[in-house]
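J.: Single-letter residue listing:
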Amino acid sequence: MKVWVRRVLSVCATWPLAACAGRQSALDPQGLQSDQIRHTLFIFVGVAAVVWIAVVIVLGIAMMRRKRAAEQPLDLHEAFEQRTGRVILALGIATTVIVLGLSFVSYAGQRTVFAKDENALTLRIVGHQWWWEVHYEADSPHQSFVTANEIRIPTGQPVKVELESADVIHSFWVPSLTGKMDLIPGQKNKLQFTAKNAGVYRGQCAEFCGLQHAHMAFAVLALPPDEFGRWREHENQSADSPADQLGKQGEALFRARGCALCHNVSGTLAGGQLGPDLTHIGSRTTIAAGTLPNTPATLGAWISDPQHIKPGNLMPKMPLQSDELIAIIHYLEQLK
Amino acid sequence: MSTVVDRDELRDDVLNGLQLSTQLERIWRTPSGLAGALMSVEHKVVGRRYILTAFAFLLLGGILAILMRIQLAGPEKTFLSADKYNQIFTMHGSTMMFLFAVPVMEAFAVYLVPLMVGTRNIAFPRLNAFSYWMFLFGGCFLWISFLFNVGPDVGWFSYVPLSSLQFTPTKRADVWAQMITFTEVAALAVAVEIVVTVFKLRAPGMTLDRIPLFVWAMLVTSFLVMFAMPSIMVASTSLILDRLVNTRFYDPSSGGHPLLWQHLFWFFGHPEVYIIFIPGTGMVSAILATFARRPVIGYPVVILSLIGTGFLSFGLWVHHMFVTGLPQLGAGLFTASSMLIAVPSGLQIFCWLATLWDGRPVYRTPLLFVIGFIVIFVIGGLSGVMVASVPIDTQVHDTYFVVAHFHYVLIGGAVFPLIGAVYYWFPKIAGRMLSERLGRWNFWLAFIGFNVAFFPMHFLGLIGMPRRVYTYTADMDWAHLNLLSSIGAIVFALSFALLLVNVVYSLRKGALAGDNPWNASTLEWATSSPPPPQNFDRIPVVKHRDPLWADGESLPVVAGLSAERREVLLTSLAEAEPQTREASPEPSIWPLLTAIATTVFFIGSIFTPWAVLWGTPPMAVTLIGWFWPSGSKEDEE
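As you go down the protein sequences, you meet chains A and B in turn.
Per our numbering, the very first residue in the first sequence carries number 2; after that it's consecutive.
Per our numbering, the very first residue in the second sequence carries number 651; after that it's consecutive.
Source of the hints: derived by calculation from the structure; they are not laboratory data.
Treat each hint with caution, since some may be false.
Stated by the list, open to error - Now the stretches of chain A that chain B is said to cover, found in silico as 3 or more residues with beta-carbon under 8 Å:
hint : stretch
1    : 25-33
2    : 234-242
What the hints assert, rightly or not - Here are the simulated lysine-lysine pairs, DSS-like style, with alpha carbons at most 25 Å apart:
hint : chain 1 : residue 1 : chain 2 : residue 2
3    : A       : K249      : A       : K337
4    : A       : K318      : B       : K727
5    : A       : K318      : B       : K734
Owing to the predicted nature of the structure, the values given are computational and were not obtained by experimental measurement.
Even for Gly, the Cβ is constructed at its ideal location relative to N, Cα and C.
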């Protein structure tokens, strides 16, 4: 075999598998539930492959069987018809058995995927056009805080998310960890999952929710439990006051230019509730619900013209001088 | 001849062959000129228009599909804006489902069913004409809105609350909801006509177990339409009431619920798939029998499968709602009921395979499309079994896996048989054959293009690509498969261009077909191609399931129908024994005028609820005109 042929073949054989290792792939499970789902899926795919190949082989034989020349129609073969009737009946019964078998496989998988654990860490997630509001709630208000578009969870511990919507129907989906569940106005849905390994897993809204449905992503950061504990402790705290002059100027502008009407920054006078909570924006990996990485440049681009990056989102374009913009970015960068 | 009472009336038994056909042609033909065209109530004229219009919408929907594939061919393309993309995918889905797939199947039935059951016209011909005009006006209304940039943009499923006044304050969702109403009216009208035609107008002797399988398929489909369409009628009317007069059916803050919409929508939407697919199976059975040179094996099994599929299709709408937080046990039961539909579908496929096995297949283009159908549809059916499983569905729901799945089912299960049907029945409708050489190219382009376009989407869904996103970033690993899919889509589109070329070329240059070019067995081939306005000079008598194969060219006939008035023969439901003669309507302008009045009413009601008041009198006037007794000759005596 020529070298290039072999190379092409090997690429063809391994490429679909390489593609599986995405950050948002149901084929590369990193959670208990996604693992179970892939297992169920593979059983189905296996059965389906066997059935399809069998059908195609029978079809091929039927087409290529050596036959006498075309006859006058209606030359019926009674004996064949009777035998065929029995074969078709048997195949019908076989189909029923396969289908019922797969139903049981499916139901067993379903029970595992939707098993409940009373000790789960509970988060409340509210879907908005087009971002995610994440509540970490605890019995004491000092242990409760709100963040946006980024969910940190401990590995190895069940996490239960309670899903609500503030406007239209969205769907919470992190394929690496588990399947999706809708967020429906007027209804509370629950979904439970457990991350097996530490890592960053991308999630995305799966139900069409309007103009910027394509830009409603989020990140799930699965951390080792002790690291998660430290993060949670830190996140409880209010935002640090800016240390330097430029930061203080930025904080003042943040209020003066109207940002604080929509955004909350705990521990400051900014208490807006319409937009994402920005208390620790500096420590998040992305901005605009997973649309851009969180860097000073993208933050600046976003603040100076949010409608250019994500047309139709609810953040208006604010007239800012470039020095004002720099001050605000500097301030936000410090909110860690 | 001028003054007649019933017993002296000129009957077809006193005329010789040529006299009779001239006479019948004179009384049955559509008047010439524009007025005649607007007044026509002939099922073949209406059916031909219906088919052409539906294919025009296929072309439009296909262009939208290509636009979307260009946008998605690479990451972060700016070929389409988010707003345009959302309108386009909504229009693509709505056009294909409501303006192409269902109408085209009903259109074939409008043309073929009366011929196949051996009668002169469809039952309720004026309703038939009205149905076509409603379909035309509804479709044009939707597309004109789109071209004026008020096309719907909330998906062909229009989920509330996104489609509510609060989140779609423009007229876009109203346009969608009213378009639904138009197509409901059209689809329901045809369904009623088909049922009555099959039950009451069959040729004498065509007992229930001698009805051609395509006719059986259309009968079952018509019942599905009659039970499924009212559900979406309730849904879309409630939506428009919510939007226009502040009712609160879907508003959770006032005791409504968004999931009510989904239940109503999918109680229609799931059977809808079978409304499209079952006619496809009917076409497959017709084509397969002809080209395998033997009747389909397991005739009763196929019919029971069709009926079983029809019943089951109403019991599994919930599998579209597995991720809405419904109780788990119920969802599990819907898994089983959804999967069970594989049993009747499978039985039909086994019957077809056996037919091919025992037959002496002649490989002409229609049969190629049927074989392509089996290969593709089985994949779609099997991925359907996966989608029916709750845990798998939680991953693949609303991803490109589902996009792949339902295109395998709908294109594989309905469009491939449909294109086969075009090649198969074109000679009957046009009197000329389509080019076989172009037909083979057409098939291979379609088969390869389709699979290259849609197979990669299974992977795309599994590696995380959601549906209905207008763009994606370069770091998502989706670019290569999307590019491949877009290339496949263009090849697939070329196959349709080739079909168009073939049709246009063959209409003028194709070989003359003759009455029965394929040597087929059913009654539509017992008359000339294209059929004369009266369909048959004398109504045939059916004594076999495959009359043309059993009786050769000389079918027995009944005599005694009037030769100076439009008359059809009514027969009994089960045994098709002759019962009575019934007048069939003359051409009339009133169905068109009624459709215009109804259109004004529907469109006006989008803008003001008062249209319900002032829109009614014109409708009443036109309906009175339509039903005004026109006095038969006997009455004048």
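J.: Each hint: holds or not?
T.: Verification of the supplied hints:
1. 25-33: Our answer is that it holds, as 4 residues pass the Cβ test (under 8 Å) against chain B, meeting three.
2. 234-242: Answer violated; 0 residues pass the 8 Å Cβ test.
3. A:K249 with A:K337: holds, 15 Å
4. A:K318 with B:K727: Status holds; Cα separation ~24 Å.
5. A:K318 with B:K734: holds, 22 Å
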